[in-house]
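One line per chain: the protein sequences are A and B, in this order.
Mapping of the first sequence onto numbering that gives the first Met the number 0: position 194 corresponds to residue 193, and the numbering continues sequentially without gaps.
Mapping of the second sequence onto numbering that gives the first Met the number 0: position 157 corresponds to residue 156, and the numbering continues sequentially without gaps.
Source of the hints: derived by calculation from the structure; they are not laboratory data.
Hints should not be assumed to be uniformly reliable.
One copy or two, it doesn't matter: identical chains are merged, so the pair holds either way.
[As the list claims (entries may be wrong)] Restricting the straight-line Cα-Cα distance to at most 27 Å, the calculated cross-link-like pairs of lysine-lysine (DSS-like) are:
1) K45 <-> K24
2) K45 <-> K204
3) K67 <-> K166
4) K81 <-> K24
5) K47 <-> K203
6) K67 <-> K170
7) K121 <-> K47
8) K85 <-> K121
9) K12 <-> K47
There are 2 protein chains.
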Amino acid sequence: MHLFYQSQLPEIKSLDQDESKHCVKVLRRQAGDEINIIDGKGTFYKAKITESHPKKCEFEIIETTLEKTPVFKRHLAIAPTKNMDKMEWLVEKATEMGIDEISFFQSFHSERKVIKIDRLEKKVISAMKQSLKAQKPILNEIISYTKFLESVQSENKLIAYVDFENKVHMKNELNTQQDTLILIGPEGDFTPEEVDLAISKGFKKVSLGNSRLRTETAALAAVHLMNLAME
Amino acid sequence: MHLFYQSQLPEIKSLDQDESKHCVKVLRRQAGDEINIIDGKGTFYKAKITESHPKKCEFEIIETTLEKTPVFKRHLAIAPTKNMDKMEWLVEKATEMGIDEISFFQSFHSERKVIKIDRLEKKVISAMKQSLKAQKPILNEIISYTKFLESVQSENKLIAYVDFENKVHMKNELNTQQDTLILIGPEGDFTPEEVDLAISKGFKKVSLGNSRLRTETAALAAVHLMNLAME
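Build the full structure now, drawing on both the sequences and the hints.
What follows is the structure, encoded as structure tokens:
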């Protein structure tokens with residue numbers, strides 16, 4: 000099934016230029032054909048094309064279906080890798096698996112201070128369409144680690160950092176139905192001071208297992224765990 | 000910690016040309032310096048450089064440590080995606096998380112019939128060094144789905160294919176300590192006949208959750224589940 004995206008539904012009942020071109024020129028849909036559209040806010044629309052214009056394809060709504068909302072909100076916060084491809088890959092895969100919010104922070108060992116949110120948004124929309132999801136994850140602009148910790152709220156706050164004396168796997172901290180936030184550090188990891196700061200803000204240290212994972216792999220493993228807790 | 004790779008240890012006590020160059024020219028290690036080497040067969044070596052030649056860096060072994068062997072063998076078999084980048088990504092991430100064997104098969108909806116194993120081997124070795132593992136996963140050349148099913152052996156044989164009437168999550172089929180094999184179908188999925196054939200060979204149908212995942216994402220989720228079952 001092909002999904003089109005129109006974030007201003009139900010007010011605007013036409014596809015934007017790129018989507019119209021894809022619909023009319025590439026997929027050759029005509030007036031009278033049914034198409035499926037998502038609004039990124041949790042609703043699937045079944046619609047009928049009324050005007051197959053290649054720059055502004057108009058439609059009327061036939062049916063709306065609400066996406067099932069997750070049992071708890073899944074929030075990933077990460078110190079972005081130097082290589083942006085890895086972050087693009089991560090937001091794509093996290094969207095496929097299921098994520099509600101992705102934040103970026105700059106910590107002591109961070110190698111990247113700037114994030115192109117627009118590019119990541121495109122990856123997210125494409126992944127959302129591919130995996131048949133109607134709710135677009137929120138992507139937040141990068142801020143400092145300290146500011147992030149001060150501003151963020153979540154019922155279940157976790158930080159991926161192995162406490163060798165008291166190792167707790169993240170999967171054992173997801174038994175509840177509480178909104179969950181997991182912090183993933185940069186390639187050089189969190190500093191002990193950064194970990195202490197998180198602890199003072201109510202975060203719990205968790206392990207992602209015995210393997211040494213790269214930043215983006217650790218992040219995806221954490222996203223997978225949050226989704227597994229809902230199954 | 001930097002790891003070097005020499006698959007012919009303990010017989011050959013020198014690094015190959017590429018590794019020697021990296022060790023001597025890039026990292027500027029000298030005679031008397033200690034280095035860490037893996038053999039891809041499960042042993043970590045601590046060694047001391049005896050001759051820091053940039054094309055053949057020689058060393059003597061100081062200490063050997065055996066890697067902990069997994070509780071059960073983790074075997075992934077997959078119909079490769081058209082885009083080889085995704086398979087390179089997958090073998091890298093699977094190696095990081097932990098995998099013992101990766102097989103490739105060609106099924107009805109497969110879009111790719113050829114695999115460059117050499118390129119994948121390089122990705123695997125690099126990921127193994129990065130994630131501090133000493134055991135190199137086995138990569139098998141691509142064969143037909145039918146031949147694969149006839150030749151393969153595993154105690155716990157699973158196929159990722161959702162049986163909507165009797166949905167069983169893969170995580171619930173991993174409670175034992177049996178060697179496990181999971182089959183991941185191509186982008187167009189398995190045909191019902193292919194699923195029936197697997198069932199007749201003793202495979203069980205399992206789900207990877209409610210999200211529609213791309214082939215490579217499904218494969219990585221399955222690898223993650225096999226590793227979680229060991230934690």
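* To do: Could you check the structure against the hints above and give me the numbers of any it violates, in ascending order?
  => 2 and 5
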